[in-house]
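2 protein chains.
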Amino acid sequence: MGEFDLIARYFTRPVRRAVLGVGDDCALLQPRAGMQLAVSSDMLVEGRHFFAGTNAYRLGHKALAVNLSDLAACGARPVAFTLALALPSVDEPWLQAFSSGLLALADAHGCELVGGDTTQGPLNICITVFGEVPAGQALLRSGARAGDDLYVSGQLGDARLALESLLGHLELPSAVLGPAQQRLEAPTPRVALGQALRGIASAALDVSDGLLGDLGHLLRASGVGACVDTSCTSALLAAQAQARLCGQPLKTELVRQCTLAGGDDYELLFTAAASQRPAVLAAAQASTTPITRIGTIEATTGLRLIDDQGQAITARYASFDHFA
Amino acid sequence: MGEFDLIARYFTRPVRRAVLGVGDDCALLQPRAGMQLAVSSDMLVEGRHFFAGTNAYRLGHKALAVNLSDLAACGARPVAFTLALALPSVDEPWLQAFSSGLLALADAHGCELVGGDTTQGPLNICITVFGEVPAGQALLRSGARAGDDLYVSGQLGDARLALESLLGHLELPSAVLGPAQQRLEAPTPRVALGQALRGIASAALDVSDGLLGDLGHLLRASGVGACVDTSCTSALLAAQAQARLCGQPLKTELVRQCTLAGGDDYELLFTAAASQRPAVLAAAQASTTPITRIGTIEATTGLRLIDDQGQAITARYASFDHFA
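First to last, the protein sequences are chains U and Z. Take the first sequence: its letter number 94 is residue 94 in the UniProt record's numbering, and every next letter is one higher. Take the second sequence: its letter number 251 is residue 251 in the UniProt record's numbering, and every next letter is one higher.
In case anyone wonders, no lab produced these hints; they're calculated from the structure. No experiment lies behind these values; they were computed from the predicted model shown. Backbone N, C-alpha and C fix where the C-beta goes; we use that ideal spot for every residue, glycine too. Worth double-checking, as some hints may not be accurate.
Just the calculated beta-carbon pair ranges, DEER-fashion [claimed, not checked]:
hint: 1; chain 1: Z; residue 1: Ala-104; chain 2: U; residue 2: Gln-182; range: 56 to 64 angstroms
hint: 2; chain 1: U; residue 1: Arg-32; chain 2: Z; residue 2: Ala-146; range: 32 to 40 angstroms
hint: 3; chain 1: Z; residue 1: Ala-135; chain 2: U; residue 2: Gly-110; range: 19 to 27 angstroms
hint: 4; chain 1: Z; residue 1: Gly-223; chain 2: U; residue 2: Val-19; range: 16 to 24 angstroms
hint: 5; chain 1: Z; residue 1: Gly-2; chain 2: U; residue 2: Ser-142; range: 19 to 27 angstroms
hint: 6; chain 1: U; residue 1: Ala-104; chain 2: Z; residue 2: Gly-2; range: 50 to 58 angstroms
Which chain Z residues stay away from chain U? Per the calculated CB distances, all over 12 angstroms, these [to be verified]:
hint: 7; residue: Arg-32
hint: 8; residue: Ala-108
hint: 9; residue: Ser-142
hint: 10; residue: Gly-168
hint: 11; residue: Thr-296
hint: 12; residue: Gln-309
Chain U extracted, bound-state conformation (with noise of 0.2 angstroms):
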């Protein structure tokens, strides 16, 4: 099978909403008036983003919700997206597979593969998204503001959890890896709360490198800092309970490590001013996602954790680098 047969079989759809799909130098795509265009990158790479032999079907999945996570962290509407593919071969079932996993999640969003490229090369995967925001109205990281209430979306750290797992680092009873390794290869991206939150959040972006990093980003790009309660984000692995059933409990260190500085997670962090504190429960539950407030932000720069006894916590968790 030659490059534009694979091109053909696997990841060419007529199009719905785009001008013009894969097929010609470029694709078209005819922005709606008064509407941004949100566009977000991101890079899979074998060996360093999941491991060889991960489920295809899950890959495909996770390729696109890692992009589609940018763009609810931008409070953007899904639109569009591009795929580079590189193979070390043409594997029918991995590419049927993959393909699949990969436009079901599309489908989902009303998200439209429009375009790419595919080449010989170590497996990666670059998908490129494009979504859409009413000008003037996307989520930013540099909204925040003294007294603002810091929420996360969903659950954190079960990724990490099953990364520790799957390296060798821990182990785990089955009951309680399989759902983290879930969510650790077919995260949720939380594109309906990001567009509830549009007019609501102050700052928001999406937790990737892990919590306490992404957390960092988001205060330096607005000049403040916070204060998070880590018996609120510790109560966020979901893991846990499923380990105590097990007679195995999840130690508070290993907690704290995948809560604060897992990475994976792919949930929303965000801030609003006190008075939205009812919008923001809307927007939940209009969305149908769980939220958490877990800190407020301070005028004070810096990054504040405190326990349940609300001691300062003074251990360091590092977020993920690539190049660390």
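We have chain U already, so just place chain Z on it with the hints.
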């Protein structure tokens, strides 16, 4: 040097036209009223698209040039691009040279770097480029009609000639290899010509995999055939004059192979009604881009090659396929 310092040092510059550039979850673009957005994505893999050790400045240039060539083929004006980069390690002199070559070409075309991704992995460069074109005016592959003239811009085949020499398949005097290698490593996207051809050309695409293969895409998309005069195309291999001066003239069959099925040319192949000849010449002059009429579009599907005597050439020339 960590990931974020790397981005800040080499790939972050003040935005001029985009609403928001590098540093948030998404970049934000504000398309102008009445414009469609042309999008193209290309991935360059070390060992596949370029040799390990290729001059990094030229590689930065080429990575963007191949994408700008796709915009040119649509008649779109470059606006912005994202860069996703997998690097084996942080090599600062390499990054300095790569980003300089990349951004010099970007500046020359007013095309802003607005976002992307960096990660650790086998060297891989994925650029997605955005251009704008007035709604309905994009040049497509599908508009060629029987009787149209067939043109190609610039030169053909020098990149392939250099590649064959660098692969050790043939020996070239350095005075011949040097300029051809420049064509291979730092192609010139025909951006001005593409825009000048809006409303004049009936179909267009860029020659990246080889003239005949890419022409085949245009013919299939348009449902037509073509006759190509190889005496015209053979004359477009610039290295021939220097090779003759060096007393080592290139063989006819090598010239045909390189010009007809070379690859990496990044010239525009386009069609226009015969009545448009004065307008085509004016577009070429206005964009200071040489063009050559190389054949005619025919109603009967299929591709005919003729020599300088008008005799049919029956040899087959295979185009480049990443998985063939």
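Structure versus earlier hints, numbers of those that do not hold, lowest first: 1, 6, 7 and 9
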